[in-house]
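What follows is the residue order along each chain.
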Amino acid sequence: MLDFLYGHYAYWLTIVLVCIGLYGIIFKKNLVKKTIGLTILQISVVLFWVAIGSKWGATVPVYDPDIPVADAANYLNPLPHTLMLTAIVVGVATLGVAFSLLISVYNRYKTLDEEEILNEIQ
Amino acid sequence: MRARFESPIVLLGSRLLSPYIMLFGIYVIFHGHYSPGGGFQGGALLAASIILIRLSGGRIISRLQVQEFFTTPLAAIGVIVFFGTGIVAMLFGSYFMDYHALPFPGEMTPAELRYYGILVIEIGIGIAVMAILVMIYDHMVRGEDYA
Amino acid sequence: MKFVKYLILIAFAGLLIYGSLDLPDRGDPDAWLHQQESITGTEVAGNYFIRQAYIDANTPNMVTVVLGDYRSVDTLGEQVVVFAAGLICLLILRRYREI
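Chains as they are written, first to last, in numbering that gives the first Met the number 0: chain A, 0 to 121; chain B, 0 to 146; chain C, 0 to 98.
The set of hints was computed from the structure by calculation and includes no laboratory data.
These numbers come from a predicted model, not from an experiment.
Hints are not guaranteed to be accurate.
[Said to hold, decoys possible] Just so you have them, the derived chain B footprint on chain A, three or more residues with Cβ under 8 Å:
| no. | stretch |
| --- | --- |
| 1 | 77-91 |
| 2 | 95-101 |
[Said to hold, decoys possible] Pairs of lysine-lysine residues, derived as BS3-like cross-links and limited to a Cα-Cα distance of at most 30 Å, are as follows:
| no. | chain 1 | residue 1 | chain 2 | residue 2 |
| --- | --- | --- | --- | --- |
| 3 | C | K1 | A | K27 |
| 4 | C | K4 | A | K32 |
| 5 | A | K109 | C | K4 |
| 6 | C | K4 | A | K54 |
| 7 | A | K33 | C | K1 |
| 8 | A | K109 | A | K33 |
| 9 | C | K1 | A | K109 |
| 10 | C | K1 | A | K28 |
| 11 | A | K32 | C | K1 |
| 12 | A | K32 | A | K109 |
| 13 | A | K109 | A | K54 |
| 14 | A | K27 | C | K4 |
| 15 | A | K54 | C | K1 |
| 16 | A | K27 | A | K109 |
Yeah, the Cβ is synthetic: ideal placement off N, Cα and C, and Gly gets one too.
With the rest of the complex left out, here is chain A (with noise of 0.2 Å):
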């Protein structure tokens, strides 16, 4: 038992985290704090992805001559890394657009509230 809550803790902080994000995306009405939840659930599965790929004994993915190549378990994967280098670059850049797109809603209707907006609109 200790040993399986030992394996998983790391799994369900990520889903603490994909919790706080869901809530802020559906519970805040001010789209700034939306933006911020829906970054809170990226991050969380950039850490879900990195839990994920670890493995115990193994050491950084780089190649060390004293260490052989031929045997996998030395050395970590590096396949999850590799894809969650880009995505958090993208992430960012997208996080801009995000951002762009609020400050033109700011622009043309002074609020940044969700159901003032709504009203507005109709």
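Fit chains B and C to the supplied structure of chain A, relying on the hints for placement.
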């Protein structure tokens, strides 16, 4: 809006810190073959060094470092460097993005050619990421009184 | 209405925790992700990258090799996405001239 005031201490500290951040970014790009690093991280560090000057100095001073109209062509150049490497490898009789046919001078094994091919595309990624992050910042603060 | 939202949130968290019960332990070297062969008998990608990265590209950092060589078309797509995001910011926030 609160009244803006100029702080020479902040500007001096940023001017002291910015070249070292930029140097570390270039080191991260070029040493990415031997240690954790690469184009994306180094490009983010280069963008941090440029945005630091823009935050502390404002538009007039930051124009001396990197002009605003200069970022969009730089981003396009970065993407073209990446894409052109793949196209050149394809024109010299290999697959798209398979670097062992790149026409680097000197006698090299395919593994060493791939080494230099990866270096070229990392430089392209670094230029593009730096230019795009600075471009997003520039267009977001345009027209504000502190920019 | 707020009660329904809380219910959706708690149900989603319960679903995620139920799904995580079947995952392998974190860092378990015997997980399917770290095996030599997958269930279908083909070779696992991460294992191949670890063995062949230095031989193929003469570069010690395997993450760089995967990013720049094996998955370079993927990286090109990601960079085009970043470039498109920058262009979208430029087009949204540009000051149009009054006509």
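Do the hints match the structure? See the list:
1. 77-91: holds (count 5)
2. 95-101: Satisfied; 3 residues make the cut.
3. C:K1 - A:K27: holds (11 Å)
4. C:K4 - A:K32: Answer holds: K4 of chain C to K32 of chain A is near 17 Å, not above 30 Å.
5. A:K109 - C:K4: holds (28 Å)
6. C:K4 - A:K54: violated (38 Å)
7. A:K33 - C:K1: holds (17 Å)
8. A:K109 - A:K33: It holds: about 18 Å lies between the C-alpha atoms, which stays within 30 Å.
9. C:K1 - A:K109: holds (27 Å)
10. C:K1 - A:K28: holds (13 Å)
11. A:K32 - C:K1: holds (18 Å)
12. A:K32 - A:K109: OK: K32 of chain A and K109 of chain A at ~17 Å, within 30 Å.
13. A:K109 - A:K54: With Cα atoms ~51 Å apart, K109 of chain A and K54 of chain A exceed 30 Å; violated.
14. A:K27 - C:K4: Holds: K27 of chain A and K4 of chain C sit about 12 Å apart, inside 30 Å.
15. A:K54 - C:K1: violated (42 Å)
16. A:K27 - A:K109: Judged against 30 Å, a Cα distance of about 18 Å means the pair holds.
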